[in-house]
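Student: The residues making up each chain are set out below.
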Amino acid sequence: MIAIPFQSRRKFLKNIGYISVGFSLLGACIGAEDPTIASRITYDGKLPGSIGRAKTVNAWIEILEDGNIRVLSGKVELGQGIRTAIQQVAAEELDMDLDKIQVHLAETGLTPNEGYTGASASIQNSAMSVRYAAAKARQELLLLASKKLNTPINDLLLFNGIVKSKLGNKSLTFAEILEGEQIDREVSIPVPIKNKAEHRYVGKSVPRTDIGEMVRGQAGYIQNLRFPGMVHARVVRPPGYESKLLTLDENGLMAEVPGVIKTVVKGSFVGVITEREHQAIKAEQYLKNHSEWTTSVPFPEKENLFTHIKEIANNPETVRNEGNVEAAIKGVETIKAKYTKPYIKHASLGPACGLAMFDGEVLHIWSHSQGIYPLREALATMLYMEAEKIHITAVPGAGCFGHSTADDAATDAALLALEYPNTHIRVQWSRHDEHSWDPYGPAMIVELEASLDENNKINSWKAEVWTDSHSTRPNKDAGTVLAARYLETPFTMKSRGYLGGGHRNADPYYKIPNMKLNAHYYEGPFRVSSLRSLGSFTNIFAVESLMDSLAEKAGQNPLDFRLRHLEDGRAIAVIHKVKELTASQNIAVDQGVGYAFMRYKNTDAYIAMAAKVAVDKVTGNIELIKMWAAVDVGEVINMDGITNQIEGGMIQAASWTLKEQVTFNTNEITGTDYLKYPILRFSEIPLVEVAIINRPNEAAYGVGEVSMPPTAAAIANAIYKACGKRVFDLPITPEKISDS
Amino acid sequence: MATFQLDINNTKLKVEVTEGTSLLWVLREHLGLTGTKYSCGIGQCGSCMVHIDNGPMRACLLQVENFAEGQKIKTIEGLSKNGDHPVQKAWIEAQAPQCGYCQSGQIMQAVALLDANPNPTTEEIKTHMNGILCRCGTYLRIIKAVELAAASQSKIEN
Chain A
22 MIAIPFQSRR
32 KFLKNIGYIS
42 VGFSLLGACI
52 GAEDPTIASR
62 ITYDGKLPGS
72 IGRAKTVNAW
82 IEILEDGNIR
92 VLSGKVELGQ
102 GIRTAIQQVA
112 AEELDMDLDK
122 IQVHLAETGL
132 TPNEGYTGAS
142 ASIQNSAMSV
152 RYAAAKARQE
162 LLLLASKKLN
172 TPINDLLLFN
182 GIVKSKLGNK
192 SLTFAEILEG
202 EQIDREVSIP
212 VPIKNKAEHR
222 YVGKSVPRTD
232 IGEMVRGQAG
242 YIQNLRFPGM
252 VHARVVRPPG
262 YESKLLTLDE
272 NGLMAEVPGV
282 IKTVVKGSFV
292 GVITEREHQA
302 IKAEQYLKNH
312 SEWTTSVPFP
322 EKENLFTHIK
332 EIANNPETVR
342 NEGNVEAAIK
352 GVETIKAKYT
362 KPYIKHASLG
372 PACGLAMFDG
382 EVLHIWSHSQ
392 GIYPLREALA
402 TMLYMEAEKI
412 HITAVPGAGC
422 FGHSTADDAA
432 TDAALLALEY
442 PNTHIRVQWS
452 RHDEHSWDPY
462 GPAMIVELEA
472 SLDENNKINS
482 WKAEVWTDSH
492 STRPNKDAGT
502 VLAARYLETP
512 FTMKSRGYLG
522 GGHRNADPYY
532 KIPNMKLNAH
542 YYEGPFRVSS
552 LRSLGSFTNI
562 FAVESLMDSL
572 AEKAGQNPLD
582 FRLRHLEDGR
592 AIAVIHKVKE
602 LTASQNIAVD
612 QGVGYAFMRY
622 KNTDAYIAMA
632 AKVAVDKVTG
642 NIELIKMWAA
652 VDVGEVINMD
662 GITNQIEGGM
672 IQAASWTLKE
682 QVTFNTNEIT
692 GTDYLKYPIL
702 RFSEIPLVEV
712 AIINRPNEAA
722 YGVGEVSMPP
732 TAAAIANAIY
742 KACGKRVFDL
752 PITPEKISDS
Chain B
14 MATFQLDINN
24 TKLKVEVTEG
34 TSLLWVLREH
44 LGLTGTKYSC
54 GIGQCGSCMV
64 HIDNGPMRAC
74 LLQVENFAEG
84 QKIKTIEGLS
94 KNGDHPVQKA
104 WIEAQAPQCG
114 YCQSGQIMQA
124 VALLDANPNP
134 TTEEIKTHMN
144 GILCRCGTYL
154 RIIKAVELAA
164 ASQSKIEN
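In order, the protein sequences belong to chains A and B.
Throughout the first sequence, residue numbering follows this note's numbering, covering 22 to 761 in sequence.
Throughout the second sequence, residue numbering follows this note's numbering, covering 14 to 171 in sequence.
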């Protein structure tokens, strides 16, 4: 599966200063030079959480007979490039060529259970687990080879799948060392890892190995998966969340639509299986037109959404309380502001798809789920089956940016496969269903109040956050998967999922003596779940908008004002970097440059961002000219991979900021396609410049979500600089600037 | 059901489908040409872009019976034998995709642009590519890839 054309691979290897010698030539070819073996250092720090769930080397690393290595990861590839990052760390520790490392991504019963792929945690967990497992494997291979070759370890070289004596007279392949066994030693500390200064892959811009097949149209997305004899199916979704099926008249279906195999009705779950995909679409439409449903509970008026949210919210919970905010605010001039964000869709370009086949004993499922083990738990509950009888293989899908509909399509396929055994059933969701039934990123309200002391430093900070759940991902609570809610005996979701994501980053990373954060949880009218960066997007929009207002009140430059409230050198460094990036900008009268800063989750990556806009004061028209980001994710695994994630994230977040909101009336969701729910296009994109500060000796943080939160604030601050209008309610549209 | 003869990627292929079936389903399902993607199905996103007689068209909107009279249909699979079309090579060099789902459509649209205008300006690229959506936000890398492809093509001609 090597997709890098030979020439560009050679060029890349040359660029990083290492040309590998094919190992089959070594040993046989006298005079071939051995590579320089990098030194090792002892790692005795913390091991990643995933190692706790899969403790042995062979849970992560398998030595194959053909000289290749198979790495097992419980994560899935969604365009974030995790496969390449994992290849890099494994190749590094085992001193292998990259193309000798195969990566097998999530499959139940085979790969480690790493929960969900999300929260920018795949590098911290999966890639770091692979690093230590590979390092342990190397140590073990050397130990075993030393015994077999009767040669001290110090006189051995390990590279590219062989261990040989430095004298060159003795060598063994990995497979010969293990004689058909795998390494079942526990991955434990201390473990010797490669000295990072001598890395040849990690920290470099290693080209992704999967792009060649993408540009040839051969990439293996779930939507392209085909099996012999496979049939197609679609599900007739109810007209509303709470609608129940009253009548279904399928008498004329067979006459009207050729190729219908079976209609499956289970309570208010209606599916139809056909020979061909086009027939499934026709059959779904027929059944939709020949069914009656109860009316669902009405949605609130869109204009009243935020009032409604406050009405239904629980009493606040205090999440953080330091110093005495109430006392500190008294008698001092404060700034108060309210910021709001609508529901936002994932709007993945690839509508959900799921395949299933029940062989009479085991239910096999193929899904682009981000958590196949948790999905298995949900399905086991829903189907009253043992989890071991459900086998799920993760297959890449289109980028989905959080918990979207992949699990739901897999659930549809599972239900239908049980009704039509021994045949592969493929369920493809429509764009309309994808946009309508997606669990959206929830609407939020953030109210902030902050005060300055006599030295113009922030003395107190109070944050009130109204938020719904930010993760209703599958787990043993079967109500987390959509179809379970419509069965004869429906499952309602018992838990509220992950509420904590809602107040993420509402307490700023700045040094403030008195700080209080209250969270008001509500259970709103729409299905919601995790959307890239969870509550941080709204919270940082609010926090960093207020920081500019406070800086203005203090009569200070916004960046200097932020720097006065930061003590962490890495935070200070990204701000200095973004200042440097934007130093030479000429700013016309109708233009402005705005800034924002964040440390993601207050514990992970650092980012400082800038945006430059031009605003037409009369029409309110906004031109987003350029964005800059200075990022510190600690140790860089793949430089270009990080850059691509940051660039794309800024553009997607700019789309959220300037264009996106779920529209609805009291009866239905109306934004059901890309015209009614527009996203940023070529004609609207800004230029983007990214600077990455690599800190090889710091922990590696994920980057997928990092660029989202500061984007909205940087744009809002730039608009304020350009025209003096501050927008508190997302999205920032021309009407809000020309009217306000 | 009816039988149609289609000229796809310079090969004549017979398919037996119902009239009115969209070319997209014929390509993806009947012919296994899954490089052309389904995304919106209503002509809004460009993921299913193919060439009909060298012009870019959205396969989801095309009914098969209207394209069975010798029109030359080209899909991403027919762009080159070994994935070495200058635009494909440029895409790899620019490391343009993230998830890659929209990229077949992007590439087909870009090839049509460069066929008609071998040296487009950045603004011309943006205008021509405007109808093809990408949710990962790889637009800038796509522009870079088109520029790289234009540069490499003009080198070949020289």
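Hints in this document: simulated from the structure, not taken from any laboratory.
Check each hint, because a few of them may be wrong.
What the hints assert, rightly or not - Here are some of the chain A residues that sit facing chain B, going by a computed Cβ distance under 10 Å:
#1 236
#2 273
#3 276
#4 288
#5 419
#6 669
#7 691
#8 692
#9 694
#10 708
#11 712
What the hints assert, rightly or not - The following residues of chain A were derived to be distant from chain B, with all beta-carbon distances above 12 Å:
#12 670
#13 728
#14 747
Glycine is no exception: its CB is placed at the ideal position from the N, C-alpha and C atoms.
Student: Take the hints in turn and mark each one as holding or not.
Tutor: Hint by hint, here is what the structure shows:
1. A least Cβ separation of about 4 Å between residue 236 of chain A and chain B falls short of the 10 Å threshold, and the interface hint therefore holds.
2. Restraint check, residue 273 of chain A versus chain B: the minimum CB separation of about 17 Å is more than 10 Å; hint violated.
3. Interface hint at residue 276 of chain A: violated, since its Cβ lies 14 Å from the closest Cβ of chain B, which is beyond the 10 Å cut-off.
4. Look at residue 288 of chain A: its Cβ only gets to about 28 Å from chain B, farther than 10 Å, so that hint breaks.
5. Hint status for residue 419 of chain A relative to chain B: holds, with the closest Cβ pair at about 4 Å, below 10 Å.
6. With its C-beta approaching chain B no nearer than about 4 Å, residue 669 of chain A sits inside the 10 Å limit, and its interface hint holds.
7. Using the Cβ-Cβ criterion of 10 Å, the hint placing residue 691 of chain A at the interface with chain B is not satisfied: the shortest such distance is roughly 15 Å.
8. For residue 692 of chain A, the shortest C-beta to C-beta distance to chain B is roughly 12 Å, which exceeds 10 Å, and the interface hint is violated.
9. Because the closest C-beta pair between residue 694 of chain A and chain B is about 6 Å apart, less than 10 Å, the hint holds.
10. The beta carbon of residue 708 of chain A is positioned within 10 Å of a beta carbon in chain B (closest approach about 7 Å), and the interface hint is therefore held.
11. The interface hint given for residue 712 of chain A is violated, since its Cβ lies 16 Å from the closest Cβ of chain B, which is over the 10 Å cut-off.
12. Residue placement check: residue 670 of chain A does not keep its beta carbon more than 12 Å from all beta carbons of chain B (closest about 7 Å).
13. Under the 12 Å C-beta cut-off, the non-interface status given to residue 728 of chain A relative to chain B is violated; the minimum distance is some 9 Å.
14. Consistency note on residue 747 of chain A: stated as away from chain B, and its beta-carbon is indeed over 12 Å from all of that chain's, at 26 Å minimum.
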